[in-house]
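Read top to bottom, the protein sequences are chains G and W.
Numbering-wise (our numbering), the first sequence opens with residue 1 and increments by one.
Numbering-wise (our numbering), the second sequence opens with residue 1 and increments by one.
Note that these hints are calculated values from the structure, not bench results.
Yeah, the Cβ is synthetic: ideal placement off N, Cα and C, and Gly gets one too.
You can trust all of the hints, since none of them are fake.
What the simulated footprint calls covered on chain W by chain G, stretch by stretch (three residues with Cβ under 8 Å from a Cβ of chain G suffice, anywhere in the stretch; the number is not a length): (1) 82 to 92; (2) 111 to 118; (3) 134 to 144; (4) 156 to 170; (5) 174 to 187.
For each label pair, taking beta carbons as the anchor points, the in silico distance ranges come out as: (6) G:Asp174 to W:Arg244: 30 to 36 Å; (7) W:Glu127 to G:Ile97: 20 to 26 Å; (8) G:Pro99 to W:His27: 54 to 60 Å; (9) G:Glu177 to W:Arg244: 37 to 43 Å; (10) W:Gly175 to G:Asp129: 42 to 48 Å; (11) G:Arg244 to W:Leu49: 48 to 54 Å; (12) W:Glu189 to G:Glu89: 35 to 41 Å; (13) G:Pro99 to W:Ile97: 37 to 43 Å; (14) W:Glu177 to G:Gly262: 49 to 55 Å; (15) W:Asp219 to G:Glu127: 39 to 45 Å; (16) G:Tyr171 to W:Glu208: 27 to 33 Å; (17) G:Glu127 to W:Ala167: 30 to 36 Å.
2 protein chains.
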Amino acid sequence: MLTGFCYFPQNPTFAPMNKNTLIEQIHAKKSFLCVGLDTTIDRIPRHLLGEEDPVFAFNQAIIEATLPYAIAYKPNWAFYEALGASGMESLRKTLAIIPKDVMLVADAKRGDIGNTASMYARAFFDELDVDAITIAPYMGKDSVTPFLDRADKWAFVLALTSNPGAADLQYQDDGREKIYQRVLRLGQEWAADQPGELGFVIGATRPEAMAEVRALAPDAFFLVPGVGAQGGDLQAVCKYGRSREGGLLINSSRGIIYASSGEDFAACAAEAAAELQGEMGQFV
Amino acid sequence: MLTGFCYFPQNPTFAPMNKNTLIEQIHAKKSFLCVGLDTTIDRIPRHLLGEEDPVFAFNQAIIEATLPYAIAYKPNWAFYEALGASGMESLRKTLAIIPKDVMLVADAKRGDIGNTASMYARAFFDELDVDAITIAPYMGKDSVTPFLDRADKWAFVLALTSNPGAADLQYQDDGREKIYQRVLRLGQEWAADQPGELGFVIGATRPEAMAEVRALAPDAFFLVPGVGAQGGDLQAVCKYGRSREGGLLINSSRGIIYASSGEDFAACAAEAAAELQGEMGQFV
Chain G
1 MLTGFCYFPQ NPTFAPMNKN TLIEQIHAKK SFLCVGLDTT IDRIPRHLLG
51 EEDPVFAFNQ AIIEATLPYA IAYKPNWAFY EALGASGMES LRKTLAIIPK
101 DVMLVADAKR GDIGNTASMY ARAFFDELDV DAITIAPYMG KDSVTPFLDR
151 ADKWAFVLAL TSNPGAADLQ YQDDGREKIY QRVLRLGQEW AADQPGELGF
201 VIGATRPEAM AEVRALAPDA FFLVPGVGAQ GGDLQAVCKY GRSREGGLLI
251 NSSRGIIYAS SGEDFAACAA EAAAELQGEM GQFV
Chain W
1 MLTGFCYFPQ NPTFAPMNKN TLIEQIHAKK SFLCVGLDTT IDRIPRHLLG
51 EEDPVFAFNQ AIIEATLPYA IAYKPNWAFY EALGASGMES LRKTLAIIPK
101 DVMLVADAKR GDIGNTASMY ARAFFDELDV DAITIAPYMG KDSVTPFLDR
151 ADKWAFVLAL TSNPGAADLQ YQDDGREKIY QRVLRLGQEW AADQPGELGF
201 VIGATRPEAM AEVRALAPDA FFLVPGVGAQ GGDLQAVCKY GRSREGGLLI
251 NSSRGIIYAS SGEDFAACAA EAAAELQGEM GQFV
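Excised from the complex, chain G in its bound form (with noise of 0.2 Å):
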């Protein structure tokens, strides 16, 4: 399972990742599926600990397992950058098995001003090749638009989230609009002029929340974290967040990845997937 090199059968398309291609890969796999690659060293199953890169080989047979059921993969920048140079060449090997058919979601959480935004555009769209990465807004617009220069490249800003801070900034009301709403509001109009994909990270899972954050931008995408162990309820984020054309990648990371610690970590993967997917089918 680790060692072979034909492991993609379904799709050898190389199609530009637009919004075309994502909407085809959620009707064939009947899922807004997106696995988070959180890897951590210290949680892959001790049998792999043997490999000449225990990490790679963690993700590689995650990949494989999952690819049925998984519209996007999402290496958390963090997890590899924590392990130093070796790190980073476990994720570019990850990333470089990622089928172009699929999704590849950098998280990492960028933002800056713009001769330096457009230095990490440089760094993740021509370098590394991925698809979307995920930005932070507080610089505002010339921090997000140099990610939205390129066709087929996609920029995730952050605009509501799910963790216990999300409040501090977030939340705050001019009696016009809160943070997010403005987040909201602004991306689309920053992105109207832009050959590049603006969507949106919403880590909403209260069904109204969500609700009002889709009325908001009705045709973005929202890159969901936070279902799975971060508690998400799954059937109201489909439910109230999709778009006419699907707009929902749904994340979940260690409910996938670390759903076994033994030697089934693959397949045990893959049956959590399975049952995410199932439960999106429904709503595709």
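Once you've looked at the hints, dock chain W against the given chain G.
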């Protein structure tokens, strides 16, 4: 000049980078100067392009030339990530030669939920052993505090920036305070019971704005970008931004490192750094 390893004669002490060490540097050098290492291969003097690692050779010469005037160095992560694995290797070599008694600030603008922020803290403070990192506050408390759990390590949180998009979110006002004011207030609360040091990124260059921010955070260190190429008023920043202890790291990048594109680049960088230090000296 590029071959020796004895070019940092002035202080061999390996002091922990706490407030005292930083303040000692400020007084010893009569300087608030932070040199921004925004190094790009296309702006490196041509005669260095034959070096085995031109980016490192350039940085090494810049550090050697400016060290008498600088209390901190701030590599801009994007510029190295844009060069891929070789850029990160140049960066690692650069980090390794920055003397321990000046502050090493990773300008990386990280910011994510708690467990991911902890991984970034591990990447920067443990794996790379930098003294400080810049942080984006959009996700709130649990995205910041993991960077404050180590003594002698610093997080500079984005508060008020000076880029064109700064007003998009940072000036939203709920009638009680603007977002950047909220970051200043909450940031100090979050840091109160933590062993690490919290500072702020403050792009204010107008006297009244800097004075207001200083009043809201009387004792915090401010990392001030935008003096030099970005057009800040150095005297106003020093006069209105300093605290009782000094409290300032004033960055200049392009104005120093690209002061000349010829073989005299290091001497010209030293001259530009000396000029800024001279202007700062009266305020220390």
